Every structure is written in C-alpha cells, then in structure tokens.
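Asks: Chains as they are written, first to last, in our numbering: chain A, 1 to 97; chain B, 1 to 512; chain C, 1 to 739; chain D, 1 to 503.
Source of the hints: derived by calculation from the structure; they are not laboratory data. As the structure is a prediction and not an experimental result, all values here were calculated from the model. Please note that the accuracy of each hint is not assured.
[Unchecked claim] Computed cross-link-like contacts, PhoX-like style, restricted to lysine-lysine with a CA-CA straight-line distance of at most 25 angstroms:
#1 B:117 x D:440
#2 C:172 x B:443
#3 D:440 x B:113
#4 C:444 x C:639
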Amino acid sequence: MLTQALLLSGALFVIGTLGVMVRRNAIIIFLCIELQLNAVNLAFVALSRYTGIEGQLFVFFVMTVAAAEAAVGLAIIISIFRHHETVNVDKFNFLKW
Amino acid sequence: MTNLLTSLLYEDWVLHALIWLPAAGLTHVLVSSADRARHIAFAWSALVFVLSLGLWWSFSPGDGGFALESSTPWIESWGVSYALGIDGISIFMVLLTTFTSAIAILGSFEYIKTRRKAFYALMLLLQMGVVGVFLATDIFLFYVFFELTLVPMYFIVGIWGGERRIYAAVKFFLYTAVGSLLMLVAILYIYFSSGVDSFAYEAFLNAELTLREQIWLFAAFALAFGIKVPVFPLHTWLPDAHVEAPTPGSVVLAAVLLKMGTYGFMRFLLPFFPGAVQHPTVVMVMLILGVAGIVYAAWVAAVQPDAKKLVAYTSVAHMGFVVIGIFALTLNGLQGGMVVMISHGISTGALFLLLGMMYERRHTRLIEDFGGIGRAAPLFATAFVITALASIGLPGTSGFVGEFLALLGTFETHPVTAIVAATGVVFAAYYMLPMVQRVLFNKLDKPENRTFPDLSRREMVILGPLVALMIWIGVHPAPFLERMEPSVQVVLERVEGARPVPGTAGTPARED
Amino acid sequence: MTGVGTAESAMTALAGVLSPSPSAPGSASGVAAQAAEQWEPLLPGLIVLLPLLGFVLNGILALWAAGHSSAAVRAGEEWNPFAGPSRPRTHTLPTLIGPGVMLLAFILALVNFAGMPADLHDPVIRTYWSWIATDTISVDAALQLDQLSMVMMLVVTGVGFLIHVFSVGYMKDDQGYPRYFAYLNLFVFFMLVLVLGSGYATMFVGWEGVGLCSYLLIGYWFSDRDKSDAGKKAFIVNRIGDVGFLLAMFLLFNNFGTLDFGPIFAGAEGQLAVGGTTVTAVTLLLMLGAAGKSAQVPLHVWLPDAMAGPTPVSALIHAATMVTAGVYMVARSSVLYALAPTSQAVVAGIGVLTALVAATIAMQQYDIKKVLAYSTVSQLGFMFLAAGVGAFTAAIFHLVTHAFFKALLFLGAGAVIHSMHHAAHHADGHLDEQDMRNMGGLGKFMPVTCVVMWIATLAIAGIWPFAGFFSKDEIIWYTAAWAGAGSNPFGTLYTVYWAVALATALMTAFYMTRLMVMTFHGANRTGAAGRSHIHEAPRVMTVPLIVLALLSVFGGWINVPDALQESFAGLFGVLPMSEWLHHWLEPVTHAAAQIQIAGFGEPAHAAPPGGGEVAWAMISTLAAAVTVAVAYRVVGTNKYVPAARDPGPAGVLRRAVYNKWYFDEVYDSLVVRPLLAASRWCWKVIDTVVIDGFVNLTGSFARLSGWTMSLFQTGQVNMYAFVLTLGVLCVLGAAVFLQ
Amino acid sequence: MVLDYTSSFHYVLALLPELVLSAWGMGVLLVGVSREQEGGGGQELGWLALAGLAIAAVANGWLYSGVTEEGATAMIAVDRFRLFANWVFIIGAALSIVISLPYVARQRLQAGEYYSLILFAAVGMMFMASARDLMVIFLGLELMSIGVYALAGFNRRDRRSAEAGLKYFLLGAFASAFLLFGIALIYGAAGSSNIHAIAVAVQDGTIATALMGPGVALLAIGFAFKVSAVPFHMWTPDVYEGAPTPVTAFMAASVKTAAFVAFLRVFLVGLDGLYAQWWSILWWIAAITMVAGNVVALVQSSVKRMLAYSSIAHGGYLLVALVAANDTAAAGLLFYLLVYTVMTVGVFGVVIAVGNQTEENSRIEDYAGFGWRQPVLGVLMTVFLLSLAGFPGTAGFIAKYHLLLGAAQSSLWVLSVILVLTTVVSYWYYLRVAWYMWMKEAPETAGAGGRITTPFATRVVLVVSVAVILLAGVFPGAALDLAAGSIDGLRDLVAGSGVAAGP
C-alpha cells in the first residue's frame, strides 16, 4: 500500500516537475509547484501510517508554507506583470548570460 | 664590529627589523607628501640595508644550520609559527634584497614621475615580502611571504609599466600563482605526512615520504619554483614582465624575485625530497631543462630588437646555470649556483638600471635606436661594458666564479650536460656583444643620441657599488664561498644521506 | 670578529702582493721547497701589478678626457685634447705612465731573470690569496716562476715596452690617447697573469683577459662599424676556444682534484695512461682553446679581421704575445701532450695545415697588414707543428724569435701606414693607406723602415744568420727527426708534415719578399698629391724598430743547435750559446721529452730522404735565399696599378686565395646564418607560437568554455528548471547507482 | 545555565535570539507602516533594525556565554555551532543593512518592509542553523526564502528587480519541493525527522534503504540549490544581477551561509553514516561548481554578475569542506562563511558606492581609473577582491587554506588541486577589476563615479570590514579557535547517545 501511495505521490511530483519545465505562464508554473508540494503531502500522509503522527502534522506546515509562498509569489507576479503586461515567462529574459 | 653589534643586541632584533622596517617605511610614505615619498622610501630602504650589513659580521657559518633563530607561535592550532632564521644560503639572498631594493629605489627617482607615493609604498611592501621569503623558517610563513610578493609586483608592472603592462602583469601573476598554489597542496601533503602538527622547517624535514610521493611532491614544488626561476619552458612570463616593468621593478624582479625560485630549490626541494632529487629521471629532466634554458634563452636573446627583452632572456640563461649547478648535486655545483644567483642579481640588476637610464634619456628601448653612445657618454659606456662583461662571465668578474663552479660541479657528475652548458659561454658572447656594439659602438649617427647625457652623480652612486661588487666577487669570492659552504654542505649531506636503494619503486601513495 | 672579515683579507691580499707568503700549497717535494727558499724572486707580484696600476691611472685619465670630448660632442663642438691646459692629462701623463710601467716591469723581470738559478728544478710559487675555494677545489691567486714563464715574461715586458714606446709616436694625434694606453697596460697585465699563473684556472683569467683587451683594442676606433665588428668576431671566436679550455679544466679537475700545474704534471704520468682517452680528450680540448687564441684552422678567421686595431696593437697582441698564448699553453702542458701521441699528431697537423693555408692566402693579399696577419697565422702554425712533434723548446724558440721579427714587421708596417696616412690626407680622392698597390718605392722616403723590415723579412724567410733561420730550421728538423724515430706510429704522417712545412717555409720567403717589393721598391703608386707627404717615421718610432731589428738578427743565437754549432750555422763554433734555450727550458720540458722518447724511441739523425742536420740547414737557407731572389725578380717585374684602378685577381685559384679560401663565407652560410635563423625560429615559433601560444590558449580555452557555459544562461525560467531537473536526474541516478 | 526543557520557559530561552529578532522585525514593520516616508528616507528604520540585531546579538552572546543544553537531541540545538552561525547571520544582516541605508533612501524603497524582511529572513536563517529537525530546517528555509524572494523583487520600479524576484521565487519554490520530497523520503526511511534520530537509525542500520537513497539525493539537491551549486545554480546570476545590490549582498553572504550551515548539520551529523554513498555525489558537484563558477565568471562584463558567478565558485570551495567531512573541514567551513560574509558584503558595498546608490555603473569599464579618483574606496575594494581571491595576508587566504587543510586531512588531493587551479582562474577576474581600477585611465567623460559620495556609516563599516579581513588574515588565531570550538562535540552526537528520542 505504501508503495502504491508513494508511486502516486512520485507520479504527481513528476507531473508537477514537467509542468514547471514546459509551461510558460508564471501562474501555471506556480500551480505546478503547488502540485509538487501536494504530492509530497501525500507522501507524508502515507508514511505517517508507519512512522507516527508527525507526518500528518508536517502536511499542515507544508500547506501553511505553500500559502505564504502563494501570497508572496502572486505579489511578485503582479509586480512583474506591471512591467511586461504579461505573465509569460518567455518574455522575462532581460537578465541572462 | 662584532662587539658593537653584540652590545646592541643586534642578533635579537635584526631579522625582525629587516621584515618590519619596510612596513614602517611604507606607512611613513603613505602619510607623507608625494614629493618627499622617494626620499623617505630611500631612507628607509637604506636604513634596512645598513642594518642588514651587520649580518655580514654577525653571522658565522658554524655548522651550516640556522642562526639567529627565533620562533613565536602564530597560528597555534595549526602549528604555524612566526619563525625566522638565517643560514649561509639565505644571508646572501637577504643582503642582495636589501641592497638591490635600496639601489632600485634610488634608481627610480627620475623614472617614476606619477603616483609616487603608491609606487614607493609598493616597493617597500615588495621588499618586505622578499626578505620574509628568505628569512622564514616556517613553511606556512614562507608561503605567505612568497605569495605576498606577487601583489606589489603586479601593481608595479601594471600601473607604471609600458604599453602592454596589463597583459604582462596578469601573465606574471597567473603564471606564478599556478605553481605556488599547487605547491600549497603539496605543502599540506607533507604536513599530514610528517605526523607532527607543525609547519616548522625541521618538522617537514622529518616527514617520511615514499619515493613515489616524493616525486609527485617534487613536481609540485619544482613547478612553483621552476616558474619563478624561470626554468625553460616556463619562462615566457619573464620577458613580458621585464619589458613592461618600470626600471626599479625590473631590477628587483631580476635581482631577487627570480632567486626565490632557486632559493626554493636549495632550501626546500633538495632537503625535502632527497629521494626524488636523486632519481635519475628527475635529475635528467631538470638538467635538460637547465641546459635548454641556457642555450635556448641565449639564442632567443640574441635576436631581440628590444634591449630589455634581450636582458630578460639572458636571465633565463643565467638561471639555467643555477639549475644545473643545483641538480648536479655536488658541492661545487651548489656553491656555483649560489654565486651565479648573487652575481646575476648584481649584474642583471645593473643592466636593467642602465637600460632604464637609456630609456629615461631616449624613451626607447630598441637597440637600433642607439649607436655610438660610447662617444656621447663614456662613463655610461664604461659601466655598461663592465656590467655586460660580468654578465657574460669574464674571469675577474662575479659571473665567472659562479659559472665556473657551477659548470665544474656539473661536470663532476654529468659531463655531457656540462659540455652542452659550456657552450652557453659562447652564446653569452653571441647575445651580449652585439648589443653592446649596437648601443655603445658604431657611428654616432642619430642626432638625438648626440645629446645623450652622461651619468649623473646620483647614477654614479647607484652604479658604483654594483660595479665594485661585480669585481670584488670576481677577484675575491672567498668571503662569500666560505660563508655559504657549511649550509650548502648541509643540504648536500641531507640529499646524499638519503640515497635510496636502487630498484625500489617505493610503496604506493597513501590511501585516500 | 668571526675570522672571515673581508676587510682584513682584502688587506692581506694587498699586502701579499708586495710580500707574498713564500710557500705554495701544491708545490711538490721538500727539495723543491728548499730550492725555492734558496732563490727569492724580487717582487714578482709587482711585475704584474705595475701594468695594472698603469691601467688604472690611464683609465682615470681616459675617462676624464672622454668626459670632455663627449661634452663637446653633445655641444656639437670639436675638442682638441692636446691643446692648452689639458695636455698634461691627455698626453704627458699617459706617455709617462704607459711605457713607464712597462719599463719598470721589464727591468724587474730582467733582475729576476738574472737572479734565477739555472739549476732551479721546481717552479717557485707565490701565493697571494685564495681565489676560488670550496671544500673540493682550491684555486689560489698565485704566480709561478720557472724557466718557461721567465722567457715569456721577458718577451711580454720587453717587446711590450718597445711597442709602448712606438705607440707614443704612432698614436700621438689620437683623441683616445690615454684610453689606448689604459687598454694596452691592461693587456700586459692579463698577459702576465696568463704566463705567470700557477694553474690552469689562473691562466684562464689571463686567457680571457687578453681576449677582452684584444676585443677592446681591435674595436678601439669603435665608431667604425667594421672595426667593432672585428672586435666582436675576435671575442666570440676566442670564446669558442675557451669552451674547450674550460672543459679541459673540468676534465683535469675530475682526474686530479686540482687545477694547479704542479700536482697535475707531477701526477700525470702515474695517473693517466699513455694515449688514454682522458689525456687525449684533455689535450684535444686544450688544443681547441689554443686554436681559438692562436688563430689556428679552423678558428683562424678572426685574426686577419683583428688588423682593424691600431697597428702597434697588431704588433703586440696579434703577433708577438697574445696569439702565442696557445703555443705557450701547449708547451706548458707538454707532459700531457707527450702522454697523448694522437693529440700531438692532431696538433701538428693543425699547425702545418694552418701554416700552409695561411701562407697561400698571404701570397695574394694587397693589404699590408693582412699579409702580415696571415703570415702570423702561418708562423703560429709552425709553432704548433713544433709543439705537436714534441719539440716544445723549438716552439718556444720560434715564439721568441717570431715575437722579435713579427713585431718589427708590424711596427714597420705601422710606420709605413702612419706615413701613408699623412699622404692619404692630401691625396686626391680616397686612398687606402694600407693597400700595397698604393705604395711602391717607399724605400726612398723611409730608408730606416725599409732596412729594418728587410732584416725582419730575411729573418722570417729563414735565412742564415737571422733569428728565424735557427728557430724555423729547428722545427722542420725536429719534424723530420721524429718522423724517423724508431717506433713513432705516425711516422708517415710526420713525413708529410715535414714536406709541407718545407714548402710553406719557401712560400713564406716568397710572400714576404712580395710585400717588401710592393711596398718599398719599384715605382711609387701613391699619386703625386700624396707622395710629397710620405716621410720617415719620427725617432720615437724608429728606435724601437732598430732595437727589434737587432734582436731579429741576433735573437736566434740563443739556441744554436749542438749539431750545427760546428758548421757554418754556428760560425764554426764561434757562436757562444749553444742550445742555451734548450738547456734553460730543460726543467720544464724534460719530463715530456722522457715520455716521448719512451714512446717513440730516439729521434733520427737524418731527414726522411736522407741527409743530416747540417745538410738540411744548408738546403733550407739556400732554398729560402733563392726564393727571395726569385720573388724579388718576379714581383719586381709585375706591373701593379693603384688599388682604385685594379680589377682584382683573375682566375679561379687566385680569386679563391684572394678571398681567403672563402672561410668567412662558408662560416657565414654554415654557422652564422643558420644560428641566427635558428635563434629567430626559436623566438618566433617556439617562444611566441608554441609556448606562449599554449599559455594564451589555456586562457582562451578557459574563457571560451566560460562563454559556452554561459550560453545555457538564457534567462528562461523553463530552461533553468530543465537544467535543474537534469541535475536532479543525474544525482538521483548516481544515488541509486551508489546504493 | 543548563536548558533541560523541564520548564517551557526553557524553550523561550533556547530561541531567544530568534524570538527577539522576530518581535523586533514586526516592530520595525509597524513603525515603518506608521510613518510617512519622508526626509530621512527611512534611515532611522534601518538603525532601528540594527538595534534589533544588536539585541539579538546580546541574546546570542548570553547563550554563548555558558548556556548549555541537556542532551543533544532537542529539536532546537543550543550548541556553539548554531551560535557561531548566528553571529555570522547577525553580522551579515547588519552589514547588509548598513550598506542598504543610503541605497534604500536613494531608491525610495519602503524602508519598514525592507528592513523587517531582512530581519525575518535572518530569523529564518537562524532557525536553519539551530534546527535539529528536518522540518524545522524546511520551515526556516522557507521563512528565509520568502523574505528574500520579496527582497529580490523589492524594487518594483525596476523591471530587473521584478524579474529577479520572479525567477528566484519560481525556481526557489521548485527546489523547495525537491527538498521537501527528500525530507519526506528520509522521514519515511528513518522513521523520524530528527537529525539525531536519523543518525542513530543510520548507525543501527534500521533504515529503509530504498527510500533513503533518493531521499538523501533530493535533500542534497534542495541544499545545492540554495548554495547555488552547479547545475542548480542557474537562477543565481540572474537574481544576483537583478536584485537591488544590498539584497544581492545579503543573499550572496547570508542565504548561502544559512544553507551551508544546515547542509553541514544534516549531512555531517545526521547522514554521516551514509558518507560512503553521498560523498562522491558531492565531490562531483563541488568540482563542477568550482570549475563552472570560476570559468563563467571570466567572461562577465558586469561586476555584479561576475560577483554572482564568483559566489557560485565560493559555494564550490565550501562544498569541498562537506566532502571532506571532518572536524577541520567543518570548522573551516564556519570560518570561511564568517570571512566570506564580511568580504562579500564589503565588496558589494563598494559596488553600491561605485554605482552611487543606484544600479548604474556596474560594468567593468565603469571602474576604469576608479582607484585613483577614490583611493580609499579603491584600496578597500582591492583588499576585498584579494581576500575573495584568497590571497595571503587576508582572511580569505586563511579561510581557503582552512578548507584545503580539511580536504587534505581527508586526502582529497584531486579536489584540492581543482580548488587551487580554479582559484588561479578566479585570480584573473578579480584582478581584472583591480586592473581596471588602478591600471586604466578613466575616460575623459568620466561620469562614472565622478562625484561619488559615500555616507560616513558605510565608510566606517567598509573600513572596519577591511580591518577585520586583514586582522583575521594576519592574526587568525582567535577566530580559528572560535570556529574550531564551534565544531567541538557537534558530531559526537552520533556516538554520544544511543537513545532514539522524539523532538
């Protein structure tokens, strides 16, 4: 059971990873990251069955952190949107090399 | 003299003073006005020189070990000490440094016209670093000073140099750094091999190293020092650095910075890795490189249109004699190498000063821009000729004593090397005389050369002692030879005492 | 004081020059020490020191004068050094100091010569200070007085003094008058060090020192490119020889642990096998040194060029003294050479080849000094022939007589040139003052010079009873005698040498007569404008000529061979000093002679085709006389035209000879140019392209790879995430793999 | 006193510096909000923040001066290691604030938010250093990161700053996910997230290997991202270049320090038993980081970006200490971080001065002749550069030497050679700045730094920094002992207690 849960978690995580790599919209990318975090949450929950209650506790920490990240991240996205009128990360390559 | 020195407790403070007085001078220069900087710098360096002179009397060769030793813990947790000492090898290097530094500073009075404070501060910093290199008996301390000399030289070349000064300065810096940093790794290796938590020279001597380890470490040390010397084919930084450096920079570079390499050979390479040093392949490689330097550099020197570059290449050739003298592993070879080091410091330093005077007068260093200077400036020409002759090793000058002993010592163990190296005697004439001719002799056909001023009083004061030394060492080198002999003997005994059993390849390097 | 104070040692050294420590570390046995104590040489150090003192004083004056003249150069003015108040310093003092120190040195040498006991068996060594001393080598600054060095010292100081005097006249108008005497004094100093040094190392000091002076004096008029070129060439070629000398010293040191003559010669027989590799190598290397210094083939090319120096310099350095240093060195090393028969054959071969080559070239030269230069080379070849066949005394004998008559010839030529110089000033157009085609008939104007030069010519031609007859005849005879020696392995070779030497002797007579005729006889070709200014030299120049002429006449009588003593050559027993020189040098050459006889057997008493000493003496002098006569006729009938109008020699052979067998050209294309090309190649290719290329390439490579890597830095977040994920995969893979 | 957590007040005491700083940060935020931005440009808020740091320092000093903990298993460590790291964070934050003062004013940034974010980030860092639990590390890391994301994009008027913020945020969160996944796997494998418990489990062999391997790898990746190790460094140059320069300094110095401290504690304490499995991975990362960081820095034309790559390279050097994994290397790492913080902030301080409190003049050409126009700043910059290059006489040398010493002790000869050779490479680009400053003449049109005014406080701080660097370069003994003392007993944990205990 654990194996399946972890595989699912891993699959979600990979999907999130792929999304970060291929998507261009900053918000979508961020959502993919959220997907990754939630994949980890799944793993925590699954593991907590064997290791104790802390695993489930961690999930709440992670969710909190994700919320905080979302707040700051969206603010940053808005801030850059003001400059570029777009959230397409392809356009944000003023800094390079 | 000795009594006087004793009454001043000279032996207690002199080594420290030699290192730290230039630092005091540096500070003084920085807080003084730009106009007075040169005089202040000269006063300090002259003071240091005068103080160092006492070593001549105070130092007695004894059994060849270090004298005037002192050691204060510096970084205790690493076993690093501020340990100084002097022996028959370093005393001459120190004297050469204090002497040429003062001379170089005096020689730069007219040459350096801008940013004087910075220049003289850097010169004193350089002097401090070099003296430290020669006095340190703690490997860590040595390394710190060894590296420390790079910075002032980098700026001296880079700021007051010629057209391609930055290229030359960076090349100088990086070239040297490659070697010295690898040496640092090797130093650490020995540090951990010695089993003693100490960077003291003695502790390193006692490190137990297999032959294979020795050869690797030898390579690292030899690279560091070989670049400094410079040994062919690691020499290409030198011509650039010399050509671009301002005169005083060239003087110090040639007179003492290069000696740090050969000094390292004698002080560290030979005693630390006696097994590797006696390995036939290692010896052969070093001798071949030394000889290659002698012949190759002489050839290249001969076709240089730029007088300074020519002299720079002659440095490579001269240092080749030191290298073969050292790696011949004979007493005569080592002593000869020492004398060549001293002699080269004096004669090449003088040559660079002379070239600097030419440059100050004519703002060119191209040989073809001169000609017939002998008519316009006889004193200059006389000094030039004597210096050139000392440089090519005419008997009666310092150059001969050194080259003779070095070649003799080499011949004792490696006749073929000595035979090839001896052709350097011809090639020395081949590069030096045409330059002398094209600068001093021939027709005085360029109008701007007709007004070439002869030596000023200050310049005579600069060149006089140098010329006198060339002749003194050439005629009566005994005081030098007898002072250095016990120490050189110690190095040699150390090498020979550890003659490895032939055929043993040595155990593999320590496991990781 | 720690006992190594230099101030004291310097003082001791200085004091020691005047009162040296009597014993020498290496001076052989107790008997020798006793003999040495019996004879106390008078201030030998002072003899050497005097010329050095002269150099210092004249040098100071020279710098003073040069300072004035350079100030004038800078101001664009002319400065007459001999006018007004500066004359004492530019002329009077140098005149007194230069020849003065030489006179004192000569007198001291004479006093010592007179005091030297004839039976002194071991050299007297005076040690002044320890020069180069390490644990294994000890070279002292020491002088060695023995019969051989005494002879050399007398020649150097005596002939040197005469040439100094001559120079007073010859150089009197030269701007660098004090400098000239400074150099000349310095030369004598080094030459004395060379001949008096007590070991090879000390000798080498003088050896290179005279080379330096030669360089300075050849290039004395350094503003002239050709002249300074010639000086440079001399120095470099000499240094090639010096390498041989150096290596020989190393080899000797390896075998004997010392470089002092005493122990080496005493131990040589015991330590070195006859004909062994070591001794052969040592002697051949020494010969290389000698060939450089004494201008033997193939290193002879510098000497003719050296004629660029002032003519008295040519007389002193390039005829009488310095160039004979090689002969002296071989004679000094006689024991070693005797132990190496192969080397001897080589030495003799080089000698005879040089004699022949130089003589042929001399026959077709027009420059009076060039003729004399090649003649010198040729005569030096004779000396080496003598040394090579083991006739060391004969070599030294010829060295001495040659010093007399060749110095005389050069000085005479100097007088001619001096005179021609004045003529050239007034001639129309350019007039080469040394070209014999511009001379002719000068005998009328310069009778004294003409007569003394004829004496020298007859001497060099080997005509009895002039000095050259005795010395040259002895060389030729010894070649023949050793060729016929019982077990000489090189007997045939020696016979060839003998024949060539004979032919060369006749050629000598020919070209010298040609010189005399072209210069002094026939019609004058100087041109009317110049002719009136040709005059005899002043007394200060002619007196030394006359003294040398006397020596050229009678100098040979110091060594009349025993075998000829009762014949015509010894005036049927009247000439007093039968084989005096031979006996005098016996202590020095004795050992070598013993070894040689042990190896070759006794020399024969007949020449290869038969005939004894007296017969061949007569044949040679008659042949020479005939040659002179024939040459006088042949050359006298030649119609020479002034150089400006002369097309030069015709015919392949003549042209080859005229061009000195193209030695210079061959060296130029085989050595000089390839060396320069190689040097340039090393610089432009190895240094610039290969080494620096590698260095810069390392830098470029680093920057290039940096640039390449920075290309990944596209600024695209997706790209970054992609690279990051790649890294993750790698690390994860590695982690799984490592588990 | 001894903290045995019998009283819950002990928890407060154990977290005193963090608590002080958190509270102070909120205070600064409140004060900032309550004030109109005017006149002083918020400088007084900066000073206020500094005062908070000072108080935190006092608290830290109090802990340092003799407070010990009972056992070594608590979630929050009260050991020298943490406290030493706290010193470094406080110094880094304080220096960053000082060089920010004129910058914030000139750029008219919201001072209250700015300074409080720095304080919050510092709190996060402190948590990372003190954490003996992977989850606490994660929380500290996020606290720090979120603050720094905001700081990087703080200058909303500057699109480069915004872009930097966005990139940092996206990639940082992305990397956090990996870290978190790693934590989850390790937690599953060892049955605990407590570092000490993990260590014991590893020692006893009671771990699920299949999860442990990937877990360790992912954890390493998460840290590698924060220390900008190649190939997880891609964000670094862009973010460093785009962020406001004082923030760049803070990031380069303190963020890296925090990541390394946590990295060290996790790997050298918790995962020490798995050294055989992770060392070669870190070995390669260290090697590649040193090479790539230095080599790419060669071709940069912007000083800021060059320093970004240089900081990557320094990360590589520091990784060597982790690979060496012995006490010498660990002490070396701490010492290096201390020195690195001072010199990095110092060098950015000069960059700000050259840029005249703006983002201008950051091209290398702008430094031409700068040294002669501003000799004091020039000399300071030169010393900072030499120290960054690791030149004898400066603390940078002692620090780098310390790392080498550690590497040598573990016989990492190849890595040592790579370290010194890449150091040579770094000489080139550090010296390049020096040669522009001293060896090139300024263009006649010298607008660049023509009228540079540096506030007194900045000057003092820079001079003091240089003095510290030189002093620690010449007399490093005390600082070295301090660093060595901070490692004392840190790794004994593994052998020390056999009791597996929860938080």
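Asks: Against the structure, test the hints numbered earlier, and report the numbers of the ones violated in rising order.
Replies: Of the numbered hints given earlier, the structure breaks none, since each of them holds.
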